[in-house]
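> Here is how the chains run, residue by residue.
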Amino acid sequence: MPDNGAAEVKSAPTTTNGAAAETRRQRMRVLISALGMLPVLLILCIGFHFLSEGRFFTGQNLGIVLQQAAVNTVLAAGMTFVILTGGIDLSVGSILAASAMAGLTLSKLPELGMLWLPASVLTGLGFGIVNGALIALLRLPPFIVTLGSLTAVRGLARLLGADTTVFNPSIPYAFIGNGSLTLVPGVASIPWLSVIALLVIVISWLVLRRTVLGVHIYAVGGNESAARLAGIKVWAVLIFVYGISGLFAGLGGAMQAARLYAANGLQLGQSYELDAITAVILGGTSFVGGIGSIWGTLVGALIIAVLSNGLILVGVSDIWQYVIKGLVIIGAVALDRYRLQGSART
Amino acid sequence: MNDPILEMRGVSKSFFGIKALRAVDLTVYAGEVHALMGENGAGKSTLMKILSGAYRPDPGGEIRIEGHPVRIEGPLGGRNAGIAIIYQELSLAPNLTVAENIYLGREISRSGMLARGEMRDGVGSILKRLGADFVPSTLVAHLSMGQRQLVEIARALHARSKILIMDEPTTALSAGESARLFALIRQLRAEGLAIIYISHRMDEVYALGDRVTVLRDGRLVGSLDKGEIRADTIVRMMVGRDVSSFYKKDHDPEAGRGHPVLAAIDMADGQRVKGCSLTVHAGEVVGLAGLVGAGRTELAHLIIGASPRTSGRLELEGRPIEIRTPGEALEAGIAYLTEDRKALGLFLDMSCLDNINLAVLGRDAKLGWWLDRDKARERADRAFAGLSIRAANVGVPAGGLSGGNQQKLLLSRLLAIAPKVLILDEPTRGVDVGAKSEIYSIIDNLAKAGTAILVISSDLPEIIGICDRVVVMRAGHIGGEVARGSNSPLTQEDIMAFATGMEHLDA
Numbered sequence: 001m002p003d004n005g006a007a008e009v010k011s012a013p014t015t016t017n018g019a020a021a022e023t024r025r026q027r028m029r030v031l032i033s034a035l036g037m038l039p040v041l042l043i044l045c046i047g048f049h050f051l052s053e054g055r056f057f058t059g060q061n062l063g064i065v066l067q068q069a070a071v072n073t074v075l076a077a078g079m080t081f082v083i084l085t086g087g088i089d090l091s092v093g094s095i096l097a098a099s100a101m102a103g104l105t106l107s108k109l110p111e112l113g114m115l116w117l118p119a120s121v122l123t124g125l126g127f128g129i130v131n132g133a134l135i136a137l138l139r140l141p142p143f144i145v146t147l148g149s150l151t152a153v154r155g156l157a158r159l160l161g162a163d164t165t166v167f168n169p170s171i172p173y174a175f176i177g178n179g180s181l182t183l184v185p186g187v188a189s190i191p192w193l194s195v196i197a198l199l200v201i202v203i204s205w206l207v208l209r210r211t212v213l214g215v216h217i218y219a220v221g222g223n224e225s226a227a228r229l230a231g232i233k234v235w236a237v238l239i240f241v242y243g244i245s246g247l248f249a250g251l252g253g254a255m256q257a258a259r260l261y262a263a264n265g266l267q268l269g270q271s272y273e274l275d276a277i278t279a280v281i282l283g284g285t286s287f288v289g290g291i292g293s294i295w296g297t298l299v300g301a302l303i304i305a306v307l308s309n310g311l312i313l314v315g316v317s318d319i320w321q322y323v324i325k326g327l328v329i330i331g332a333v334a335l336d337r338y339r340l341q342g343s344a345r346t
Numbered sequence: 001m002n003d004p005i006l007e008m009r010g011v012s013k014s015f016f017g018i019k020a021l022r023a024v025d026l027t028v029y030a031g032e033v034h035a036l037m038g039e040n041g042a043g044k045s046t047l048m049k050i051l052s053g054a055y056r057p058d059p060g061g062e063i064r065i066e067g068h069p070v071r072i073e074g075p076l077g078g079r080n081a082g083i084a085i086i087y088q089e090l091s092l093a094p095n096l097t098v099a100e101n102i103y104l105g106r107e108i109s110r111s112g113m114l115a116r117g118e119m120r121d122g123v124g125s126i127l128k129r130l131g132a133d134f135v136p137s138t139l140v141a142h143l144s145m146g147q148r149q150l151v152e153i154a155r156a157l158h159a160r161s162k163i164l165i166m167d168e169p170t171t172a173l174s175a176g177e178s179a180r181l182f183a184l185i186r187q188l189r190a191e192g193l194a195i196i197y198i199s200h201r202m203d204e205v206y207a208l209g210d211r212v213t214v215l216r217d218g219r220l221v222g223s224l225d226k227g228e229i230r231a232d233t234i235v236r237m238m239v240g241r242d243v244s245s246f247y248k249k250d251h252d253p254e255a256g257r258g259h260p261v262l263a264a265i266d267m268a269d270g271q272r273v274k275g276c277s278l279t280v281h282a283g284e285v286v287g288l289a290g291l292v293g294a295g296r297t298e299l300a301h302l303i304i305g306a307s308p309r310t311s312g313r314l315e316l317e318g319r320p321i322e323i324r325t326p327g328e329a330l331e332a333g334i335a336y337l338t339e340d341r342k343a344l345g346l347f348l349d350m351s352c353l354d355n356i357n358l359a360v361l362g363r364d365a366k367l368g369w370w371l372d373r374d375k376a377r378e379r380a381d382r383a384f385a386g387l388s389i390r391a392a393n394v395g396v397p398a399g400g401l402s403g404g405n406q407q408k409l410l411l412s413r414l415l416a417i418a419p420k421v422l423i424l425d426e427p428t429r430g431v432d433v434g435a436k437s438e439i440y441s442i443i444d445n446l447a448k449a450g451t452a453i454l455v456i457s458s459d460l461p462e463i464i465g466i467c468d469r470v471v472v473m474r475a476g477h478i479g480g481e482v483a484r485g486s487n488s489p490l491t492q493e494d495i496m497a498f499a500t501g502m503e504h505l506d507a
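Chains as they are written, first to last, in my numbering: chain A, 1 to 346; chain B, 1 to 507.
FYI, nobody ran anything at the bench for these hints, they're computed from the structure. There may be inaccurate statements among the hints.
In silico DSSO-like links for lysine-lysine, alpha-carbon gap of 30 angstroms or less [unchecked claim]:
{"id": "1", "chain 1": "B", "residue 1": "K366", "chain 2": "B", "residue 2": "K274"}
{"id": "2", "chain 1": "B", "residue 1": "K448", "chain 2": "A", "residue 2": "K233"}
{"id": "3", "chain 1": "B", "residue 1": "K366", "chain 2": "A", "residue 2": "K233"}
{"id": "4", "chain 1": "A", "residue 1": "K233", "chain 2": "B", "residue 2": "K375"}
{"id": "5", "chain 1": "B", "residue 1": "K274", "chain 2": "B", "residue 2": "K375"}
{"id": "6", "chain 1": "B", "residue 1": "K375", "chain 2": "A", "residue 2": "K325"}
{"id": "7", "chain 1": "A", "residue 1": "K233", "chain 2": "B", "residue 2": "K420"}
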């Protein structure tokens, strides 16, 4: 970059000025990249509010949007870990289904019923660790491994319920699926699903930005060979990120089970991985790894939920919803690339 | 002299208000090698990119080729104007053959089908003229760096370029390959080509340059004719001050040398390294010389456990030690600076702060895994001050720094672990003169403080300037060792004799 070179050899007083200007520009850039897609989200919200004649910004509707965004947010959070290392996890939809099936099946047993929730989450974690071990230890490409488990785990999910829908109308902890946390009695409440999603985002942020492991995740995604030479246990990082992705998929399965009181191994979570990947990419995380933030992912997941909800409010037909959603995704990412052109990687 | 083939008058270029190039003049004649020098960031790359068509110059300047004003625009602009550029990072596709690379973008086709035979023949004659020892159907992936450079030159000749720009062409070449390249450059000069030669290395400019132009801070400092080319003049022009002693070696090789710290015994990997032993003492700077491909980097990788070894053992401070991964090497206090800082060293998208702290995050962490951000900040600030790393602040991404600052950044990561043994692989490759001398004094200070240092370098004056003892590798073996005596200085001849296996002929 020529500007750095020029600043480097300038005499002392100009360097101070140049450095100050550079710092200001840097701060501006950080602010812009931190905001990311937030302006797009706000414009969409306001646009839908007017197009739907004021039906978007109502307490009830916002609650629905948040609830709809919750499961995808959780999956996308796990996906963010994976994509930050330069990988991909195509199996989250299938893992979600298998975890929900495992949980529901267990919930029907009288003695062990209360354990269904941890069982769901641990089922997801288990599948994730298998993914990670195959990728990290056998050095197989993530796309291939998770494409394989997308199919294989889907099969296991069907097997768990003997290819039927499993119901449990009296599933314990059903409140997390349909209840709300009251903030101000009678005025404001927030769905438990959204509370969980937000907690997942906060925990993910803490891990990514405040722990040694987080820096190692960014390092592996930025430059895997350099990470290895710098003494980072790349295999452990990879197993961790796929494990986390599986764990969050398992949590997503539990959330779905609690919401629906039922799960079907064939239908549940079909193509959820695509929405999760879309949320991560909308959030500005680089597909090659090393760059991105969990807050961006949250915004990305909200954009998807707002689009679905808004298009229904406006009365767009189901078929056109697909077309518009696809175009908005491409347009938003194109806008993002254009906006960040100045600070592209060197 | 004849009319100039290339004339640039008052060419400027600014980026977002920052002037990278200010009214630079450059005149180049056919049949001359014109050396272009300057520190990193002086504007050489910008100038080159204007000539290639990658950048459009600010209005006001003028570029003439063979007397006619030209506008060089778009990626093909340079090629159409008869200018070929060979970049430091070669731009060949390794999965294609030599012929396919040379014809890339200009393939000959007969009714839509590639005419491979015709293309091979066309390339064959040029390769023969260049004295190449490979055929047009060879895959580029199978060629050495020197051979790849030959392909780039062949591509330039094939495009009938009149001006050839070479950006530090010898950085990746061994001494033998460099010598062949020089002979070829002289041949091309005799054939009437104008060659703009960008280099940091004084000996190359001496050997090749007919004229030298020096840039500093985006400005033209001046041009020297053959008779005026002198190292101290050029260095003064480049840095704008006198550099009295370039290589710094104040530590005392005799009195300063302590106990053996690292002993590598009979190291082999079954491929490139065939049973090498060496010892490095505390407070000693040992050079590891040899031609490119002799196995120096591979030996270093064996020592730090980055690649598996088939035999050999290590002793650290007299005790046997088992090292299986680079992580274990770091824990034991053996740090390795890679020769390829962009691919194997730095995290270009991550902040300088994270890059510096990466190796000690775990050691500094609270409760084992919470980042200690104050400590990290403090460490980064200390590194910036101590190694005079120049960047706006410790938060900027490492990718935006100049080569010299990137190298110091990487070095400061290793120094953070306070290593007992420091292995430096080409520590000054692609680094400007100012940063070079700073790196030399860092090495010198570490030796004074008792660190055992092994320096791998292809730059012989550098090895001689900073090392106490030189171990020379040849084809995977230790070819010999040259020590600095009180009245027998290290010489390039001695080292090259061991490196090439000529020492028996001399005796």
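> Determine for every hint whether it applies to the structure shown.
Each hint, compared with the structure:
The suggested pairing of B:K366 with B:K274 is violated, with an alpha-carbon distance near 44 angstroms, which exceeds 30 angstroms. Under the criterion of a C-alpha separation no larger than 30 angstroms, the hint pairing B:K448 with A:K233 is inconsistent with the structure, at around 33 angstroms. The straight-line distance between the Cα atoms of B:K366 and A:K233 is roughly 19 angstroms, inside the 30 angstroms bound, and the hint therefore holds. The straight-line distance between the Cα atoms of A:K233 and B:K375 is roughly 23 angstroms, inside the 30 angstroms bound, and the hint therefore holds.
Restraint check for B:K274 and B:K375: the C-alpha separation of about 44 angstroms exceeds 30 angstroms, so the hint is violated. A distance of roughly 46 angstroms separates the Cα atoms of B:K375 and A:K325; the hinted pair therefore is violated under the 30 angstroms criterion. Restraint check for A:K233 and B:K420: the C-alpha separation of about 22 angstroms stays at or below 30 angstroms, so the hint holds.
In this structure, the earlier hints numbered 1, 2, 5, 6 are contradicted, and the remaining ones agree with it.
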